[in-house]
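Peer 1: Okay, here's what each chain looks like letter by letter:
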Amino acid sequence: MPEADKAPALRAGLVVVGAGPAGIAAALAAARDGVDTVLLDGAPVAGGQVWRARQGVAAEPVAQALARLAQAGVRVLAGTRVVMPLPDRLLLIDGPEGARHLLWARLVVATGARERLLPFPGWTLPGVFGAGGLQALVKGGWPIAGRRVLVAGSGPLLLAAAATLRGEGAHLAGLADEAGPTAQARFGATLVAHPAKTVQALRLAASLAGVPWWPGWRVVAAEGDGRVERVLLARGDRKRTIACDALAAGWGLVPQVELGQALGCASGARHGAEALLVDAWQKTAVPGVFAAGECTGIGGARAAALQGEIAGHQVAAELVSAPPPPRALSRALARERHFAAGVARTFPMPDRWHQRLRDDTLVCRCEDVPWSALRDQPDLRSAKLATRCGMGHCQGRLCHDTLSTVMAWPRLPARPPLTPAPLSSLLASDHPHPSTEETKA
Amino acid sequence: MTAAIRLRIDGRAVQVRSGTSVAAAVELAVPGRGAHVSPGGMRRQPLCGMGVCGECRVSIDGRAHRLGCQTPCADGMEVRTDA
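Residue numbers (our numbering), protein chains in the order written: chain A, 1 to 441; chain L, 1 to 83.
It is worth saying that the hints were derived from the structure and are not from the lab. Any given hint could be a false lead.
Said to hold, decoys possible - Computed footprint of chain A on chain L, listed as stretches where at least three residues anywhere in the stretch have a Cβ under 8 angstroms from a Cβ of chain A:
| hint | segment |
| --- | --- |
| 1 | 17-28 |
| 2 | 46-53 |
| 3 | 69-75 |
Stated by the list, open to error - Some chain L residues flagged as far from chain A (calculated, every beta-carbon gap over 12 angstroms):
| hint | residue |
| --- | --- |
| 4 | R6 |
| 5 | D10 |
| 6 | G32 |
| 7 | R33 |
| 8 | G34 |
| 9 | R43 |
| 10 | R57 |
| 11 | E78 |
| 12 | D82 |
The structure presented is a predicted model; accordingly, all values stated were derived computationally and were not measured. Beta carbons are placed, not taken as given, at the ideal position from N, Cα and C, and that holds for glycine.
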């Protein structure tokens with residue numbers, strides 16, 4: 001007997017997927033205007049990636065937001081992921097209470113971003129992490145004190161990660177950012193138009209005083225016997241070798257578009273990465289489905305919160321005739337977009353990445369598929385069928401991102417289940433019973 | 001927040017601070033061991049820290065392929081990295 005037959009379906013006026021800055025803002029705005037709202041997130045504690053809980057304790061902005069959400073009557077489902085969208089405005093969700101159906105009148109997709117993690121020789125060695133990845137692990141208690149860490153890749157996230165790691169007692173062996181000194185100086189000049197961000201940047205820089213900084217240097221390889229012991233960096237013909245216990249490497253962020261795509265939302269390239277397309281009210285091409293925050297293009301936490309607020313107000317306007325989103329939100333969002341465009345120009349996805357891969361570099365970590373097996377394939381579908389690349393646990397979230405960029409292959413549509421789910425939950429997808437709701441609309 | 005959680009990792013008794021992820025507990029118990037073995041036989045450690053890459057997956061209380069980085073430790077948990 002499928003589990004979801006036993007658990008009655010839930011329903012809500014608004015369902016928000018993702019409890020980061022965008023999702024929280026959307027849920028708050030709609031609920032305060034009188035919309036019955038459910039907010040769900042796969043993590044055990046809300047906050048998303050930017051407001052990540054530390055040792056299970058919610059970050060300060062989240063603690064405040066959770067109190068406001070409770071006050072507004074938002075039902076928060078933590079540790080709950082969307083397995084797949086079903087017809088008739090139903091979602092199949094899986095969480096601590098098992099698989100359930102969730103019926104929505106409006107849906108806000110606020111699935112955020114993930115770190116762009118690119119393959120290079122040695123990247124599968126233990127001790128090699130994403131930059132935001134290691135930062136997140138450390139907030140969950142991963143021991144880092146006294147360990148020598150090299151932070152590398154590209155983008156402002158590297159500074160934030162480095163600051164967290166140092167704060168937890170790591171010894172920073174250095175910070176290598178592929179963006180060269182000229183590009184960084186130009187970016188510094190654009191900061192002037194954004195005083196709050198200047199203060200933030202200066203604070204980060206101060207917390208990293210004394211750490212070797214190598215602008216324009218890129219990761220060539222991680223090496224070591226069974227785990228990372230040293231990292232090779234290069235700038236043009238110059239090379240250096242850094243001894244370290246860990247490498248934290250990331251190349252910015254990419255939008256998480258899978259749920260939006262599975263719902264049928266249109267997507268397109270934004271700042272060099274696939275993003276969900278929305279209008280000025282955050283509406284997607286699918287009736288009733290909105291998208292807000294990083295899944296619509298990388299713009300930062302402030303932009304995400306503004307988009308969420310616009311979406312929440314618009315949902316309330318449609319469902320309970322609340323006033324439309326205030327115009328001031330759109331003006332503030334335009335300013336944030338200007339800044340985000342500067343970040344994207346300064347820290348682009350590096351080109352000619354294939355030149356950094358060796359024959360035996362594993363492009364697909366889940367299935368251990370080397371570059372040599374992939375480079376002569378005609379497209380992503382053939383590569384997948386011939387090599388199992390993208391058929392493992394991550395469902396292509398890492399390697400298909402890489403290959404669609406490096407090989408300029410069109411992406412494959414996201415296919416459910418969106419999250420590896422127990423068979424019992426998948427069986428439940430055949431038996432939606434929205435008539436057995438346990439809660440009011 | 002500082003309350004201790006007791007669990008077992010590959011049969012070994014481990015004590016961690018409340019709020020510690022299973023992924024971190026594995027590293028605390030056996031530094032460098034990693035969470036699982038790739039199809040090609042390589043030991044792997046978590047990469048993304050946010051439940052995307054799956055390199056943190058372990059067996060928890062007999063359920064295979066649980067995401068260690070997304071799961072807080074709980075008293076009495078049985079975690080296996082060798083399953």
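Peer 1: Evaluate each hint against the coordinates.
Peer 2: Verification of the supplied hints:
1. Here's how the segment 17-28 of chain L fares: 10 of its residues keep a CB closer than 8 angstroms to some CB of chain A, so the rule of at least three is met and the hint holds.
2. Restraint check on the segment 46-53 of chain L versus chain A: 8 residues with Cβ-Cβ distances below 8 angstroms, three needed, restraint holds.
3. For the segment 69-75 of chain L, the proposed coverage by chain A is satisfied: 4 residues have a C-beta within less than 8 angstroms of a C-beta in that chain, meeting the threshold of three.
4. R6 of chain L, annotated as away from the interface, keeps every beta carbon of chain A farther than 12 angstroms; the closest lies near 15 angstroms.
5. The Cβ of D10 of chain L lies farther than 12 angstroms from every Cβ of chain A, with a closest approach of about 16 angstroms, so its non-interface assignment holds.
6. Some Cβ of chain A comes within 12 angstroms of the Cβ of G32 of chain L; the nearest lies about 5 angstroms off, and the non-interface call is violated.
7. The claim that R33 of chain L is not at the interface with chain A is violated, since a C-beta of that chain comes within 12 angstroms of its own (minimum 8 angstroms).
8. Residue-level check failed: G34 of chain L sits 5 angstroms from the nearest beta carbon of chain A, not beyond 12 angstroms.
9. A beta-carbon of chain A is positioned within 12 angstroms of the beta-carbon of R43 of chain L; the least distance is around 6 angstroms.
10. Non-interface call for R57 of chain L relative to chain A: violated, since the shortest CB-CB distance, roughly 7 angstroms, does not exceed 12 angstroms.
11. No Cβ of chain A comes within 12 angstroms of the Cβ of E78 of chain L; the nearest lies about 18 angstroms off, and the non-interface call holds.
12. For D82 of chain L, the condition that its CB be more than 12 angstroms from all CB atoms of chain A holds, with the nearest at approximately 15 angstroms.
Taken one by one, the earlier hints fail for this structure at numbers 6, 7, 8, 9, 10, listed in ascending order.
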